[in-house]
Amino acid sequence: MSLERVRSRRPLVHNITNFVVMNTTANALLALGASPIMAHAVEELEDLVRVTDSIVVNIGTLDERWLYSMLKAVQLAKEFGKPVVLDPVGAGATKLRTRAALTLLENSKVSVVKGNFGEVSALLGEVGRTKGVEAMVYEERVAKDLVMRVARRFGTVAAVTGPQDFVSDGRRVYAVKVGSENVSRVIGRVTGLGCVVAALIGAYLAVEDPLRATVAGLATFKTAASRASKEAPYPGSFHVKLYDWLYRVGGDDLIEEIEVFEIEPQGIAEVNSHN
Amino acid sequence: MSLERVRSRRPLVHNITNFVVMNTTANALLALGASPIMAHAVEELEDLVRVTDSIVVNIGTLDERWLYSMLKAVQLAKEFGKPVVLDPVGAGATKLRTRAALTLLENSKVSVVKGNFGEVSALLGEVGRTKGVEAMVYEERVAKDLVMRVARRFGTVAAVTGPQDFVSDGRRVYAVKVGSENVSRVIGRVTGLGCVVAALIGAYLAVEDPLRATVAGLATFKTAASRASKEAPYPGSFHVKLYDWLYRVGGDDLIEEIEVFEIEPQGIAEVNSHN
Amino acid sequence: MSLERVRSRRPLVHNITNFVVMNTTANALLALGASPIMAHAVEELEDLVRVTDSIVVNIGTLDERWLYSMLKAVQLAKEFGKPVVLDPVGAGATKLRTRAALTLLENSKVSVVKGNFGEVSALLGEVGRTKGVEAMVYEERVAKDLVMRVARRFGTVAAVTGPQDFVSDGRRVYAVKVGSENVSRVIGRVTGLGCVVAALIGAYLAVEDPLRATVAGLATFKTAASRASKEAPYPGSFHVKLYDWLYRVGGDDLIEEIEVFEIEPQGIAEVNSHN
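Residue numbers (this note's numbering), protein chains in the order written: chain E, 797 to 1071; chain H, 797 to 1071; chain U, 797 to 1071.
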């Protein structure tokens, strides 16, 4: 199983990410069992991309100097054949962020792009009623269509997170759903948890193809979050328990907590459930 | 009540703040019920200031590039009529910080300036026995006078935090006092909690005038801190519980924990107490 | 005892450190009882170095602008006679980091250099099987020799951290060992704890000579970590309890948890043990 392969291989995951979540995502990766490195200096990117197992690029707290580092990193990733996951934080909220996300997608080989509904919509030029980074509008009925179109447009795996997550490789669409309803509420009260999902996908990219890595990252996060929210319903304590559960979570927990559906043109076929 | 209005409106609070506390203040705002965004790139400031409800400027870990972003942000705030709270972290400790705080106050329309005793003193050119950012000397007997003078000098609401907080709009002075004595001790053992106060004031500025927003921010913080310290007397656990209580705190908690006095020339009139 | 002197004096510890751990190390220093300040702007370094009690330089998330600040800070430290502890995070992983560490060591008077096995090896040009920042290979059998050679080469106190820590002033070598075996495992699952050790050494440098300060920093960290791990075996909860125990830890705890051996050419003489 992918989770065990991450833990035995301890992949090196190189993050160029925002100031708000650096500590959060490094701790999430360590708790899971991966080896994070945070580095942005252009002078050392080649040394790092050469040895890393995957790269996580996150455009929160962006400025021109960090964007330059990100562009260089994704070009090196293409050269060295390393998988990249892009988290387009704030795309749609500002022109700088939207353009940066598109530039990164168009000038490299991104394996996975993962965002909330507003962010992923912005990649197609569809700016909705976006309000801030954390409070994007989530529209389930169009999210399924959206991931398919983004995946095809950019030749990547695309994921939209929300109460239910949707993932597509451009052909198929999967939905990842957690049993507990309450977990989404508390997830929205802690900063950087979307960024944690991208980082976890980065860890799985070292041991899986992009579609499976994305589903595994989403499922692992939601399982750990669900378990944590049962022990601690308030945001501070929940946040602490989330790291505990990223460390503790096993394959059986995922099977108990998560349902993954393949959504076909004709209907919905459940592919992984505890029922 | 202001707290309920913050929670129902979920105001977008734009923070240009220091590296140490970005995660802390984002989590505090989310726990309270606001929507934080952290961004500093000059290229996207106009897009953000246009839609934000308020702006928090905090000069910790300052350098010239961040100061430039802050100056641009407060000028845009003036243009778009958005309220600004300034946290002059480290004013008085270095000439760079003192000058930066004064430049921000003099070149824009700051609604609220909030600092500890040493920081706020430095705004009047009165550098006291300042030792570091966290360990400023607190002198209650002159703090009341200080907030009045700073409020008048800069045409703003001024607040000095300490075991007892003082707030003035240049005419009146209010004292915000928490019942429990022990809470100040543990507050001093966690970084960024002064910055959290400024961020909470930022959230209230979206729904209240500057004087009321400042009192509400101080009272909310102290209430949550007091409740947290009763559950967890040590700094790591207290810090976690503080987010829990920013989420849990309600109007009744504030009334139980906090006393707000209006201090008049003739004496002290209690305006809000549980007695 | 050193610990009580730190708590009564509350030394000002100036940190130029990486984005990932700024919050972590500031909170660790506050919990212990020191006064941290985080600042990197060249314009304010002289104001700060003049009044600080010690300086912590940490080259994680390095870039050329931060390196320039670090070089200026260590030169000012030499001028003002302030002790410096260097944490060469990632030395050996990239040429930029290795060169930066060597430049800092060779152009100033560093009191203590502390790293993991891979990082300290890199200072002698011995790049081993280095994998990332967190997962350096630890080789106890050569670590003792390594600290002695690094201490002599750079005229500093050198420390290598691992399941057992080794410290040398170039003449003697000490080993710092914690009773509990499990603590190393969970320490490796939280980011920035090596950086916390360097910060604690910085606090002790204000009240002790470099050799004693280094042993005290290592022993304090391991004691607090050991106590925390007994209360909380998973990384999120352990991390929280670590701050609690940095606040709670006393001299008796150190004596109970830690053994410090002086390793002589002829053998091992235990100098501090609970036996």
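Think of the hints as simulated: they come from the structure by calculation, not from any bench.
Nothing here was measured: the structure is a model prediction, and the numbers come from that model.
Hints may contain errors.
Repeated chains share a single entry, so a pair holds when one copy, or any two copies, can fit it.
Taking lysine-lysine pairs in the BS3-like style, the calculated list, with each CA pair at most 27 Å apart, reads [as the list claims (entries may be wrong)]:
#	residue 1	residue 2
1	Lys-973	Lys-940
2	Lys-868	Lys-1026
3	Lys-940	Lys-868
4	Lys-891	Lys-868
5	Lys-905	Lys-940
6	Lys-874	Lys-891
7	Lys-891	Lys-1026
8	Lys-1026	Lys-973
Here is what the structure says about each hint:
Taking identical chains as interchangeable, the C-alpha atoms of Lys-973 and Lys-940 lie at most 27 Å apart only when both belong to the same chain, with a minimum of 13 Å there against 52 Å between chains. Taking the shortest Cα distances, Lys-868 and Lys-1026 never come within 27 Å of each other, neither inside one copy (42 Å) nor across copies (44 Å). In this assembly of identical chains, the alpha carbons of Lys-940 and Lys-868 never lie at most 27 Å apart, being 32 Å within a copy and 40 Å across copies at closest. Taking the shortest alpha-carbon separations for Lys-891 and Lys-868, both the intra-copy value of 21 Å and the inter-copy value of 17 Å come in at or below 27 Å.
For the homomeric pair Lys-905 and Lys-940, the shortest alpha-carbon distance inside one copy (23 Å) is at most 27 Å, but the shortest distance between copies (46 Å) is not. For a Cα distance limit of 27 Å, the shortest separation of Lys-874 from Lys-891 qualifies both inside one copy, at 26 Å, and across copies, at 22 Å. In the homo-oligomer, the alpha carbons of Lys-891 and Lys-1026 never lie at most 27 Å apart, since the shortest distance is 39 Å inside one protomer and 46 Å across protomers. Within a single copy, Lys-1026 and Lys-973 get their C-alpha atoms as close as 16 Å, which meets the 27 Å cut-off; across copies the closest is 35 Å, which misses it.
In this structure, the hints that do not hold are numbers 2, 3, 7, in rising order.
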